Amino acid sequence: SVTDSSDTESVSADSSSESAQQISSTESENTVKPDSSKPSHSVSSGKTSSKVDSTPETSKTKIFKVESYGAKGDGKTNDGEAISKAVAAAAADSSAKKIVQFQANKTYRVTGVPESNDNNRLFDLQYAENVHIQGSNTKILLKSPVRIGVISESDNCSISGFIFDYSPKPFVIGKVIGKGGDYIDFSTTEEIVIPSGWTAPSTFYAFRNKENERLHFFSTGYTKLGAKQYRFHIKPGSTGQAAQAVMGEEFILPVPGTSHADGGGSAFSINKNKSFQMSDIKIYSLPEFGLDIRCNEGRMSFTNISFRPEPGSKIHLVCWRDGFHVKDNSAQIVWDKCDIGPIGDDAFNLSSVCMKPTTINASKDTFTLAPMEGGSTYAGRPSLKAGDEFVAYDNFSGELIGEGKITKVINTNPVTFQSSVKLPKVDSNTYFCFYSYANPNYVVKNSTIEGTVRVRCPGIFENFNIYWLKVENETYFEGPIPKNITFKGCSFQSLSGAGKNIVQIGTRYKDNTSAPAQYKCKNIVFQDCKWLGGSSYSAEPGNEVIVK
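Counting from 1, one number per residue, gives the positions in the sequence shown under our numbering.
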(Lines of atoms letter the chains of each structure in order from A and count residues from 1; the text may use other names and numbers.)
(Lines give C-alpha, C1' and ligand atoms only; values in the text may rest on other atoms or scores of the structure.)
Protein backbone atom coordinates (compact mmCIF):
# COMPACT_ATOMS: atom_id res chain seq x y z
CA SER A 1 0.00 0.00 0.00
CA VAL A 2 0.90 3.66 -0.40
CA THR A 3 0.62 5.59 2.86
CA ASP A 4 0.62 9.36 3.11
CA SER A 5 2.25 10.64 6.28
CA SER A 6 -0.24 13.51 6.42
CA ASP A 7 -3.55 13.20 8.20
CA THR A 8 -5.37 11.32 5.42
CA GLU A 9 -6.43 7.72 5.15
CA SER A 10 -4.26 5.03 3.60
CA VAL A 11 -5.54 3.67 0.32
CA SER A 12 -4.81 0.18 -0.96
CA ALA A 13 -2.96 0.08 -4.28
CA ASP A 14 -2.12 -2.63 -6.78
CA SER A 15 0.61 -4.97 -5.58
CA SER A 16 2.73 -4.31 -8.68
CA SER A 17 5.35 -1.58 -8.47
CA GLU A 18 3.96 -0.08 -11.69
CA SER A 19 0.72 0.88 -9.97
CA ALA A 20 2.27 2.62 -6.97
CA GLN A 21 1.76 6.35 -7.45
CA GLN A 22 4.15 9.12 -6.46
CA ILE A 23 2.81 11.48 -3.80
CA SER A 24 3.26 15.10 -4.79
CA SER A 25 4.24 17.83 -2.35
CA THR A 26 0.85 19.50 -2.70
CA GLU A 27 -1.55 16.56 -2.68
CA SER A 28 -1.49 12.83 -2.07
CA GLU A 29 -2.19 10.65 -5.11
CA ASN A 30 -3.50 7.17 -4.46
CA THR A 31 -4.50 4.24 -6.61
CA VAL A 32 -7.65 2.49 -5.47
CA LYS A 33 -9.08 -0.98 -5.97
CA PRO A 34 -12.75 -1.85 -6.00
CA ASP A 35 -14.28 -1.82 -2.53
CA SER A 36 -17.16 -4.25 -2.19
CA SER A 37 -18.60 -2.12 0.59
CA LYS A 38 -19.19 0.74 -1.83
CA PRO A 39 -21.73 0.89 -4.65
CA SER A 40 -20.37 -0.26 -8.01
CA HIS A 41 -22.75 1.72 -10.20
CA SER A 42 -23.14 5.38 -10.95
CA VAL A 43 -26.19 7.45 -10.20
CA SER A 44 -28.57 7.68 -13.15
CA SER A 45 -31.61 9.72 -14.00
CA GLY A 46 -34.50 8.54 -11.93
CA LYS A 47 -32.23 6.53 -9.64
CA THR A 48 -31.62 7.06 -5.96
CA SER A 49 -28.31 8.79 -5.29
CA SER A 50 -25.63 6.51 -3.82
CA LYS A 51 -23.20 8.33 -1.54
CA VAL A 52 -20.13 7.12 0.32
CA ASP A 53 -20.36 7.66 4.07
CA SER A 54 -16.95 9.21 4.62
CA THR A 55 -15.35 12.51 5.48
CA PRO A 56 -14.49 14.54 2.34
CA GLU A 57 -10.83 14.13 1.51
CA THR A 58 -10.28 17.67 0.31
CA SER A 59 -6.49 17.43 -0.13
CA LYS A 60 -6.40 14.13 -2.00
CA THR A 61 -6.33 12.95 -5.57
CA LYS A 62 -7.30 9.34 -6.12
CA ILE A 63 -6.41 7.38 -9.21
CA PHE A 64 -8.76 4.64 -10.35
CA LYS A 65 -6.90 2.40 -12.79
CA VAL A 66 -9.27 0.53 -15.05
CA GLU A 67 -6.94 -2.49 -14.86
CA SER A 68 -7.64 -2.64 -11.12
CA TYR A 69 -11.26 -3.34 -12.03
CA GLY A 70 -10.46 -6.09 -14.51
CA ALA A 71 -9.79 -4.29 -17.79
CA LYS A 72 -7.27 -6.02 -20.08
CA GLY A 73 -6.63 -3.44 -22.76
CA ASP A 74 -5.78 -6.19 -25.25
CA GLY A 75 -8.22 -5.03 -27.94
CA LYS A 76 -10.18 -8.30 -27.72
CA THR A 77 -11.61 -8.78 -24.22
CA ASN A 78 -14.83 -6.92 -23.46
CA ASP A 79 -13.62 -4.26 -21.02
CA GLY A 80 -16.99 -2.52 -20.82
CA GLU A 81 -17.94 -3.74 -17.38
CA ALA A 82 -14.50 -3.08 -15.87
CA ILE A 83 -14.35 0.46 -17.26
CA SER A 84 -17.90 1.16 -16.09
CA LYS A 85 -17.03 0.01 -12.57
CA ALA A 86 -13.97 2.22 -12.42
CA VAL A 87 -15.98 5.25 -13.54
CA ALA A 88 -18.74 4.48 -11.03
CA ALA A 89 -16.26 4.10 -8.18
CA ALA A 90 -14.67 7.44 -8.99
CA ALA A 91 -18.06 9.13 -9.20
CA ALA A 92 -19.03 7.78 -5.76
CA ASP A 93 -15.77 8.76 -4.07
CA SER A 94 -15.53 11.96 -2.03
CA SER A 95 -11.95 12.99 -2.80
CA ALA A 96 -11.22 16.43 -4.19
CA LYS A 97 -10.06 15.00 -7.50
CA LYS A 98 -10.66 11.57 -9.03
CA ILE A 99 -8.78 10.29 -12.09
CA VAL A 100 -10.04 7.29 -14.04
CA GLN A 101 -6.80 6.22 -15.67
CA PHE A 102 -6.24 4.22 -18.85
CA GLN A 103 -2.87 3.03 -20.06
CA ALA A 104 -1.25 4.92 -22.92
CA ASN A 105 -1.27 3.53 -26.47
CA LYS A 106 -3.53 0.58 -25.61
CA THR A 107 -6.81 -0.53 -27.17
CA TYR A 108 -9.80 -1.30 -24.93
CA ARG A 109 -12.57 -3.28 -26.60
CA VAL A 110 -16.16 -2.58 -25.51
CA THR A 111 -18.97 -4.84 -26.73
CA GLY A 112 -21.33 -4.37 -23.76
CA VAL A 113 -21.78 -2.46 -20.51
CA PRO A 114 -23.71 -3.16 -17.27
CA GLU A 115 -27.49 -2.92 -17.48
CA SER A 116 -27.39 -0.22 -14.81
CA ASN A 117 -25.63 2.17 -17.18
CA ASP A 118 -28.20 4.62 -18.51
CA ASN A 119 -28.85 4.50 -22.25
CA ASN A 120 -26.20 1.82 -22.79
CA ARG A 121 -23.32 4.29 -22.27
CA LEU A 122 -19.78 3.32 -21.31
CA PHE A 123 -18.93 6.46 -19.30
CA ASP A 124 -21.95 6.92 -17.03
CA LEU A 125 -21.29 10.16 -15.15
CA GLN A 126 -24.40 11.51 -13.51
CA TYR A 127 -24.52 13.64 -10.36
CA ALA A 128 -20.72 13.42 -10.28
CA GLU A 129 -18.06 15.93 -9.26
CA ASN A 130 -14.36 16.28 -10.04
CA VAL A 131 -14.06 13.11 -12.12
CA HIS A 132 -11.46 13.15 -14.88
CA ILE A 133 -11.36 10.27 -17.36
CA GLN A 134 -7.86 10.21 -18.80
CA GLY A 135 -6.13 8.31 -21.55
CA SER A 136 -3.03 9.00 -23.62
CA ASN A 137 -3.45 8.04 -27.27
CA THR A 138 -5.74 5.36 -25.81
CA LYS A 139 -8.17 3.70 -28.20
CA ILE A 140 -11.71 2.74 -27.21
CA LEU A 141 -13.10 0.33 -29.80
CA LEU A 142 -16.87 -0.03 -29.38
CA LYS A 143 -19.59 -2.21 -30.84
CA SER A 144 -23.01 -0.69 -31.49
CA PRO A 145 -25.47 -0.18 -29.85
CA VAL A 146 -23.10 0.81 -27.01
CA ARG A 147 -22.52 4.57 -26.98
CA ILE A 148 -19.63 6.39 -25.33
CA GLY A 149 -20.88 8.60 -22.53
CA VAL A 150 -23.59 10.40 -20.64
CA ILE A 151 -22.43 13.34 -18.54
CA SER A 152 -25.38 14.85 -16.74
CA GLU A 153 -25.99 17.14 -13.74
CA SER A 154 -22.30 17.00 -12.90
CA ASP A 155 -19.58 19.54 -12.15
CA ASN A 156 -15.90 19.85 -13.05
CA CYS A 157 -15.64 16.61 -15.01
CA SER A 158 -13.49 15.99 -18.07
CA ILE A 159 -12.51 13.44 -20.73
CA SER A 160 -9.14 13.59 -22.49
CA GLY A 161 -6.60 11.60 -24.45
CA PHE A 162 -8.71 9.08 -26.42
CA ILE A 163 -9.33 7.70 -29.89
CA PHE A 164 -12.93 6.49 -30.36
CA ASP A 165 -13.89 4.06 -33.09
CA TYR A 166 -16.49 1.38 -33.87
CA SER A 167 -16.07 -2.20 -35.03
CA PRO A 168 -18.01 -3.24 -37.02
CA LYS A 169 -18.10 0.16 -38.68
CA PRO A 170 -21.51 1.87 -38.92
CA PHE A 171 -21.29 1.90 -42.72
CA VAL A 172 -20.54 -0.43 -45.62
CA ILE A 173 -19.23 0.35 -49.11
CA GLY A 174 -21.54 -0.63 -51.96
CA LYS A 175 -21.01 -0.44 -55.73
CA VAL A 176 -23.98 0.35 -58.00
CA ILE A 177 -24.91 -2.69 -60.12
CA GLY A 178 -28.44 -1.68 -61.17
CA LYS A 179 -31.21 0.84 -60.63
CA GLY A 180 -34.89 1.46 -61.25
CA GLY A 181 -37.39 4.22 -60.64
CA ASP A 182 -37.42 3.78 -56.88
CA TYR A 183 -34.41 1.63 -56.04
CA ILE A 184 -30.65 1.24 -56.44
CA ASP A 185 -28.99 -2.19 -56.40
CA PHE A 186 -25.57 -2.64 -54.82
CA SER A 187 -22.87 -5.22 -54.45
CA THR A 188 -21.17 -4.69 -51.10
CA THR A 189 -17.74 -5.30 -49.63
CA GLU A 190 -19.32 -7.28 -46.79
CA GLU A 191 -22.67 -8.74 -45.86
CA ILE A 192 -25.28 -6.35 -44.48
CA VAL A 193 -27.07 -8.07 -41.62
CA ILE A 194 -30.74 -7.12 -41.53
CA PRO A 195 -32.17 -7.90 -38.06
CA SER A 196 -35.38 -9.90 -37.94
CA GLY A 197 -38.39 -7.58 -37.87
CA TRP A 198 -36.26 -4.52 -38.52
CA THR A 199 -37.78 -1.46 -40.15
CA ALA A 200 -35.78 1.58 -41.19
CA PRO A 201 -36.03 4.66 -38.97
CA SER A 202 -37.72 7.71 -40.49
CA THR A 203 -34.32 9.24 -41.24
CA PHE A 204 -32.27 6.64 -43.10
CA TYR A 205 -29.98 7.60 -45.97
CA ALA A 206 -26.78 6.87 -47.89
CA PHE A 207 -24.08 8.95 -49.59
CA ARG A 208 -21.88 8.69 -52.61
CA ASN A 209 -18.33 7.97 -51.44
CA LYS A 210 -16.96 11.35 -52.47
CA GLU A 211 -14.87 13.95 -50.70
CA ASN A 212 -16.78 16.92 -52.09
CA GLU A 213 -20.43 15.81 -51.83
CA ARG A 214 -22.96 15.10 -49.10
CA LEU A 215 -26.14 14.47 -51.09
CA HIS A 216 -28.58 12.44 -48.97
CA PHE A 217 -30.14 9.42 -50.72
CA PHE A 218 -33.15 8.69 -48.48
CA SER A 219 -34.37 5.13 -48.11
CA THR A 220 -37.04 2.93 -46.53
CA GLY A 221 -34.64 -0.02 -46.17
CA TYR A 222 -33.08 -2.99 -47.93
CA THR A 223 -34.05 -6.21 -49.66
CA LYS A 224 -31.37 -8.91 -49.90
CA LEU A 225 -30.85 -10.04 -53.50
CA GLY A 226 -28.03 -12.52 -53.02
CA ALA A 227 -24.60 -12.91 -51.46
CA LYS A 228 -23.38 -9.36 -50.78
CA GLN A 229 -26.08 -7.94 -53.04
CA TYR A 230 -28.87 -5.66 -51.84
CA ARG A 231 -31.67 -3.49 -53.15
CA PHE A 232 -31.74 -0.06 -51.53
CA HIS A 233 -35.32 1.24 -51.66
CA ILE A 234 -35.59 5.00 -52.29
CA LYS A 235 -38.03 6.78 -50.00
CA PRO A 236 -41.28 8.07 -51.58
CA GLY A 237 -40.86 11.72 -52.41
CA SER A 238 -37.18 11.17 -53.19
CA THR A 239 -37.65 8.76 -56.09
CA GLY A 240 -35.80 11.00 -58.52
CA GLN A 241 -32.63 10.22 -56.65
CA ALA A 242 -32.33 6.73 -58.13
CA ALA A 243 -31.75 8.22 -61.56
CA GLN A 244 -28.74 10.13 -60.23
CA ALA A 245 -26.84 6.95 -59.37
CA VAL A 246 -24.11 6.00 -61.85
CA MET A 247 -23.33 2.38 -62.63
CA GLY A 248 -20.14 1.25 -60.92
CA GLU A 249 -19.80 4.20 -58.53
CA GLU A 250 -19.31 3.68 -54.80
CA PHE A 251 -21.82 4.56 -52.09
CA ILE A 252 -21.52 4.66 -48.31
CA LEU A 253 -24.45 2.57 -47.04
CA PRO A 254 -25.95 2.62 -43.52
CA VAL A 255 -26.02 -0.54 -41.39
CA PRO A 256 -29.45 -1.65 -40.09
CA GLY A 257 -29.65 -1.73 -36.31
CA THR A 258 -26.56 0.48 -35.99
CA SER A 259 -26.73 3.62 -38.12
CA HIS A 260 -29.17 6.53 -37.87
CA ALA A 261 -30.07 6.15 -34.16
CA ASP A 262 -31.06 2.49 -34.37
CA GLY A 263 -30.64 1.33 -30.76
CA GLY A 264 -28.54 4.31 -29.74
CA GLY A 265 -28.48 7.99 -30.50
CA SER A 266 -25.67 10.45 -29.82
CA ALA A 267 -22.24 9.12 -28.87
CA PHE A 268 -22.06 11.66 -26.04
CA SER A 269 -25.03 13.11 -24.18
CA ILE A 270 -23.78 16.15 -22.24
CA ASN A 271 -26.57 17.91 -20.40
CA LYS A 272 -27.44 19.95 -17.32
CA ASN A 273 -23.83 20.25 -16.11
CA LYS A 274 -22.22 23.14 -14.27
CA SER A 275 -18.90 22.73 -16.09
CA PHE A 276 -17.24 20.21 -18.40
CA GLN A 277 -14.05 19.92 -20.48
CA MET A 278 -13.04 17.63 -23.32
CA SER A 279 -9.61 17.67 -24.95
CA ASP A 280 -7.26 15.71 -27.19
CA ILE A 281 -9.89 13.44 -28.71
CA LYS A 282 -9.83 11.69 -32.11
CA ILE A 283 -13.05 10.24 -33.49
CA TYR A 284 -12.72 7.77 -36.38
CA SER A 285 -16.34 6.63 -36.66
CA LEU A 286 -19.69 6.99 -34.89
CA PRO A 287 -23.11 5.49 -35.68
CA GLU A 288 -25.20 8.65 -35.31
CA PHE A 289 -24.78 12.07 -33.67
CA GLY A 290 -21.45 12.99 -32.11
CA LEU A 291 -21.97 15.24 -29.09
CA ASP A 292 -25.45 16.33 -28.01
CA ILE A 293 -24.84 19.32 -25.70
CA ARG A 294 -27.88 20.77 -23.92
CA CYS A 295 -28.99 22.79 -20.92
CA ASN A 296 -25.51 23.30 -19.44
CA GLU A 297 -24.43 26.19 -17.23
CA GLY A 298 -21.10 27.76 -16.23
CA ARG A 299 -18.26 27.20 -18.68
CA MET A 300 -17.41 24.39 -21.08
CA SER A 301 -14.49 23.80 -23.43
CA PHE A 302 -13.70 21.45 -26.30
CA THR A 303 -10.04 21.56 -27.30
CA ASN A 304 -8.24 19.62 -30.03
CA ILE A 305 -11.23 17.50 -31.03
CA SER A 306 -10.89 15.72 -34.37
CA PHE A 307 -13.54 14.02 -36.52
CA ARG A 308 -11.48 12.25 -39.20
CA PRO A 309 -11.62 8.78 -40.76
CA GLU A 310 -9.08 6.27 -39.52
CA PRO A 311 -5.72 6.75 -41.30
CA GLY A 312 -5.71 4.71 -44.49
CA SER A 313 -9.50 4.53 -44.72
CA LYS A 314 -11.02 5.03 -48.16
CA ILE A 315 -14.46 5.84 -46.73
CA HIS A 316 -15.20 9.57 -46.71
CA LEU A 317 -17.39 9.59 -43.61
CA VAL A 318 -17.00 9.70 -39.83
CA CYS A 319 -20.59 9.88 -38.54
CA TRP A 320 -24.06 10.04 -40.04
CA ARG A 321 -25.41 13.08 -38.22
CA ASP A 322 -24.20 16.29 -36.50
CA GLY A 323 -20.76 16.50 -34.95
CA PHE A 324 -21.71 19.08 -32.30
CA HIS A 325 -25.47 19.43 -31.74
CA VAL A 326 -25.69 22.36 -29.31
CA LYS A 327 -28.95 23.64 -27.86
CA ASP A 328 -30.37 25.49 -24.87
CA ASN A 329 -27.15 26.13 -22.97
CA SER A 330 -26.60 29.18 -20.78
CA ALA A 331 -22.95 28.11 -20.43
CA GLN A 332 -20.24 29.89 -22.35
CA ILE A 333 -18.77 27.22 -24.63
CA VAL A 334 -15.36 27.53 -26.25
CA TRP A 335 -14.11 25.35 -29.09
CA ASP A 336 -10.40 25.61 -29.90
CA LYS A 337 -8.16 23.75 -32.37
CA CYS A 338 -10.93 21.43 -33.58
CA ASP A 339 -10.77 19.61 -36.92
CA ILE A 340 -14.01 18.24 -38.30
CA GLY A 341 -13.75 16.18 -41.46
CA PRO A 342 -16.47 14.45 -43.52
CA ILE A 343 -19.67 13.91 -41.57
CA GLY A 344 -23.21 13.28 -42.74
CA ASP A 345 -24.93 16.35 -41.36
CA ASP A 346 -23.93 19.62 -39.67
CA ALA A 347 -20.47 19.96 -38.18
CA PHE A 348 -22.09 22.44 -35.78
CA ASN A 349 -25.74 23.11 -35.08
CA LEU A 350 -25.86 26.08 -32.70
CA SER A 351 -29.46 26.87 -31.78
CA SER A 352 -32.15 26.76 -29.14
CA VAL A 353 -35.47 24.93 -29.09
CA CYS A 354 -38.46 27.14 -29.83
CA MET A 355 -41.43 27.18 -27.45
CA LYS A 356 -45.15 27.47 -28.15
CA PRO A 357 -47.87 28.91 -25.92
CA THR A 358 -50.13 26.60 -23.96
CA THR A 359 -51.87 29.42 -22.05
CA ILE A 360 -52.33 33.01 -23.29
CA ASN A 361 -53.43 35.93 -21.11
CA ALA A 362 -53.20 38.76 -23.63
CA SER A 363 -54.70 41.36 -21.31
CA LYS A 364 -51.81 40.88 -18.87
CA ASP A 365 -49.18 40.11 -21.52
CA THR A 366 -48.57 36.81 -19.77
CA PHE A 367 -47.81 33.52 -21.51
CA THR A 368 -47.16 29.92 -20.49
CA LEU A 369 -44.94 28.00 -22.89
CA ALA A 370 -43.87 24.47 -23.68
CA PRO A 371 -40.75 23.43 -25.65
CA MET A 372 -41.39 21.99 -29.11
CA GLU A 373 -38.71 19.33 -28.72
CA GLY A 374 -37.63 17.20 -25.80
CA GLY A 375 -40.65 17.30 -23.51
CA SER A 376 -39.69 16.89 -19.85
CA THR A 377 -36.00 17.00 -20.78
CA TYR A 378 -36.27 20.75 -20.85
CA ALA A 379 -37.25 20.94 -17.22
CA GLY A 380 -33.46 21.06 -16.90
CA ARG A 381 -33.08 24.35 -18.75
CA PRO A 382 -31.53 27.11 -16.62
CA SER A 383 -34.15 29.43 -15.19
CA LEU A 384 -35.15 32.51 -17.11
CA LYS A 385 -34.95 35.87 -15.37
CA ALA A 386 -36.26 39.39 -15.73
CA GLY A 387 -34.48 41.21 -18.55
CA ASP A 388 -33.93 38.15 -20.76
CA GLU A 389 -34.60 38.89 -24.45
CA PHE A 390 -37.07 36.99 -26.61
CA VAL A 391 -38.40 37.03 -30.15
CA ALA A 392 -41.87 35.83 -31.16
CA TYR A 393 -42.86 35.02 -34.74
CA ASP A 394 -45.35 33.04 -36.79
CA ASN A 395 -43.53 30.25 -38.59
CA PHE A 396 -46.56 29.57 -40.81
CA SER A 397 -47.28 33.09 -42.11
CA GLY A 398 -43.80 34.60 -41.82
CA GLU A 399 -45.12 37.35 -39.56
CA LEU A 400 -42.90 38.92 -36.90
CA ILE A 401 -45.08 39.05 -33.75
CA GLY A 402 -42.66 41.05 -31.65
CA GLU A 403 -39.39 41.33 -29.75
CA GLY A 404 -39.07 42.17 -26.10
CA LYS A 405 -37.80 41.25 -22.68
CA ILE A 406 -39.13 39.36 -19.70
CA THR A 407 -40.64 41.73 -17.14
CA LYS A 408 -41.45 39.03 -14.61
CA VAL A 409 -40.95 35.27 -14.34
CA ILE A 410 -44.09 33.81 -12.83
CA ASN A 411 -43.16 30.14 -13.09
CA THR A 412 -40.08 28.22 -14.29
CA ASN A 413 -41.60 24.83 -15.19
CA PRO A 414 -43.62 25.23 -17.25
CA VAL A 415 -42.23 28.61 -18.26
CA THR A 416 -44.69 31.39 -17.49
CA PHE A 417 -43.59 34.99 -17.98
CA GLN A 418 -44.82 38.53 -18.45
CA SER A 419 -43.72 40.41 -21.57
CA SER A 420 -42.27 43.93 -21.59
CA VAL A 421 -44.13 44.64 -24.84
CA LYS A 422 -47.69 44.05 -25.93
CA LEU A 423 -47.77 41.38 -28.62
CA PRO A 424 -50.51 42.04 -31.19
CA LYS A 425 -51.25 38.42 -32.02
CA VAL A 426 -50.29 35.27 -30.15
CA ASP A 427 -51.82 31.91 -31.04
CA SER A 428 -50.88 28.24 -31.40
CA ASN A 429 -48.70 29.07 -34.42
CA THR A 430 -46.51 31.50 -32.49
CA TYR A 431 -42.92 30.49 -31.81
CA PHE A 432 -41.11 32.02 -28.81
CA CYS A 433 -37.30 31.90 -28.59
CA PHE A 434 -35.15 33.17 -25.72
CA TYR A 435 -31.64 34.38 -26.44
CA SER A 436 -30.45 33.39 -22.96
CA TYR A 437 -31.04 29.76 -24.02
CA ALA A 438 -29.07 30.28 -27.24
CA ASN A 439 -25.56 29.28 -26.09
CA PRO A 440 -24.62 32.89 -25.29
CA ASN A 441 -21.10 34.18 -25.95
CA TYR A 442 -19.83 30.96 -27.51
CA VAL A 443 -16.46 31.06 -29.28
CA VAL A 444 -15.23 28.82 -32.10
CA LYS A 445 -11.60 29.53 -32.95
CA ASN A 446 -8.51 28.14 -34.67
CA SER A 447 -10.54 25.32 -36.19
CA THR A 448 -11.19 23.70 -39.58
CA ILE A 449 -14.60 22.46 -40.66
CA GLU A 450 -15.01 20.32 -43.78
CA GLY A 451 -18.75 20.60 -43.87
CA THR A 452 -21.73 22.64 -42.77
CA VAL A 453 -22.04 25.06 -39.89
CA ARG A 454 -25.66 25.95 -39.12
CA VAL A 455 -25.78 28.82 -36.65
CA ARG A 456 -28.65 30.84 -35.19
CA CYS A 457 -27.10 32.10 -31.94
CA PRO A 458 -25.09 35.23 -31.06
CA GLY A 459 -21.38 34.48 -30.78
CA ILE A 460 -18.01 34.62 -32.53
CA PHE A 461 -16.03 32.52 -35.00
CA GLU A 462 -12.36 33.49 -35.13
CA ASN A 463 -9.48 32.22 -37.30
CA PHE A 464 -11.80 29.62 -38.68
CA ASN A 465 -11.64 27.65 -41.94
CA ILE A 466 -15.02 26.47 -43.15
CA TYR A 467 -16.50 24.96 -46.30
CA TRP A 468 -20.15 25.90 -45.95
CA LEU A 469 -22.11 28.15 -43.60
CA LYS A 470 -25.83 28.72 -43.05
CA VAL A 471 -26.93 31.64 -40.87
CA GLU A 472 -30.63 31.07 -40.87
CA ASN A 473 -33.93 30.48 -39.23
CA GLU A 474 -35.64 27.54 -40.92
CA THR A 475 -39.11 26.07 -40.99
CA TYR A 476 -38.83 23.81 -37.97
CA PHE A 477 -38.50 24.37 -34.26
CA GLU A 478 -34.89 25.57 -33.99
CA GLY A 479 -34.27 29.25 -33.30
CA PRO A 480 -33.86 32.04 -32.45
CA ILE A 481 -33.76 34.60 -35.27
CA PRO A 482 -29.99 34.96 -35.90
CA LYS A 483 -28.34 38.18 -34.75
CA ASN A 484 -25.01 39.48 -33.47
CA ILE A 485 -22.83 36.79 -35.06
CA THR A 486 -19.26 37.74 -35.93
CA PHE A 487 -16.80 35.95 -38.22
CA LYS A 488 -13.32 37.36 -37.72
CA GLY A 489 -10.27 36.37 -39.76
CA CYS A 490 -12.06 33.35 -41.22
CA SER A 491 -11.56 31.61 -44.57
CA PHE A 492 -14.50 30.17 -46.49
CA GLN A 493 -13.87 27.54 -49.16
CA SER A 494 -16.08 25.59 -51.53
CA LEU A 495 -15.49 21.89 -52.01
CA SER A 496 -17.89 21.98 -54.96
CA GLY A 497 -15.96 24.49 -57.05
CA ALA A 498 -16.42 28.02 -58.31
CA GLY A 499 -19.88 29.57 -58.57
CA LYS A 500 -21.20 28.03 -55.37
CA ASN A 501 -22.36 30.30 -52.57
CA ILE A 502 -20.39 29.32 -49.50
CA VAL A 503 -22.43 31.41 -47.03
CA GLN A 504 -26.23 31.57 -46.99
CA ILE A 505 -28.04 34.07 -44.79
CA GLY A 506 -31.80 34.23 -44.46
CA THR A 507 -35.09 33.07 -42.96
CA ARG A 508 -37.85 30.64 -43.96
CA TYR A 509 -41.40 29.81 -43.00
CA LYS A 510 -43.66 26.87 -43.67
CA ASP A 511 -46.54 28.13 -45.81
CA ASN A 512 -44.61 29.72 -48.65
CA THR A 513 -40.85 29.34 -48.61
CA SER A 514 -40.46 31.40 -51.79
CA ALA A 515 -41.78 34.57 -50.13
CA PRO A 516 -39.70 36.59 -47.64
CA ALA A 517 -40.46 36.37 -43.94
CA GLN A 518 -40.88 39.58 -41.95
CA TYR A 519 -38.29 38.48 -39.41
CA LYS A 520 -34.69 39.04 -40.53
CA CYS A 521 -31.14 38.28 -39.48
CA LYS A 522 -29.41 41.22 -37.80
CA ASN A 523 -25.79 42.31 -37.43
CA ILE A 524 -24.09 39.40 -39.18
CA VAL A 525 -20.49 40.62 -39.40
CA PHE A 526 -17.62 39.36 -41.58
CA GLN A 527 -14.38 41.02 -40.54
CA ASP A 528 -11.13 40.35 -42.43
CA CYS A 529 -12.58 37.19 -44.01
CA LYS A 530 -11.66 35.44 -47.27
CA TRP A 531 -13.78 33.52 -49.77
CA LEU A 532 -11.79 30.91 -51.68
CA GLY A 533 -12.84 28.68 -54.58
CA GLY A 534 -16.44 29.91 -54.79
CA SER A 535 -18.74 32.92 -54.59
CA SER A 536 -18.84 34.82 -51.33
CA TYR A 537 -22.28 34.93 -49.72
CA SER A 538 -25.96 34.98 -50.52
CA ALA A 539 -28.25 37.03 -48.29
CA GLU A 540 -32.00 37.33 -48.64
CA PRO A 541 -33.30 40.92 -48.94
CA GLY A 542 -33.58 42.74 -45.63
CA ASN A 543 -31.05 40.60 -43.77
CA GLU A 544 -28.30 42.73 -42.27
CA VAL A 545 -24.80 41.69 -43.40
CA ILE A 546 -21.78 43.83 -42.56
CA VAL A 547 -18.48 43.15 -44.35
CA LYS A 548 -15.41 44.89 -42.96
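Quick caveat, the hints were computed from the structure, so don't treat them as lab data.
Mixed in with the good hints there might be a few duds.
[Stated by the list, open to error] Derived Cβ-Cβ restraints for the label pairs, each shown as a range:
1) Tyr476 - Thr77: 28 to 34 Å
2) Thr203 - Lys422: 53 to 59 Å
3) Thr203 - Gly181: 21 to 27 Å
[Unchecked claim] Straight-line alpha carbon distances no greater than 27 Å define the calculated DSS-like cross-link-like pairs of lysine-lysine that follow:
4) Lys470 - Lys408
5) Lys364 - Lys425
6) Lys106 - Lys405
7) Lys422 - Lys445
8) Lys470 - Lys337
In this text the structure is predicted, and so the values were computed from the model without any measurement.
No residue lacks a Cβ here, since even glycine has one placed at the ideal position from N, Cα and C.
Hint by hint, here is what the structure shows:
{"no.": "1", "hint": "Tyr476 - Thr77: 28 to 34 Å", "verdict": "violated, 44 Å"}
{"no.": "2", "hint": "Thr203 - Lys422: 53 to 59 Å", "verdict": "violated, 41 Å"}
{"no.": "3", "hint": "Thr203 - Gly181: 21 to 27 Å", "verdict": "holds, 22 Å"}
{"no.": "4", "hint": "Lys470 - Lys408", "verdict": "violated, 34 Å"}
{"no.": "5", "hint": "Lys364 - Lys425", "verdict": "holds, 13 Å"}
{"no.": "6", "hint": "Lys106 - Lys405", "verdict": "violated, 53 Å"}
{"no.": "7", "hint": "Lys422 - Lys445", "verdict": "violated, 40 Å"}
{"no.": "8", "hint": "Lys470 - Lys337", "verdict": "holds, 21 Å"}
When each numbered hint is compared with the structure, violations occur for hints 1, 2, 4, 6, 7.
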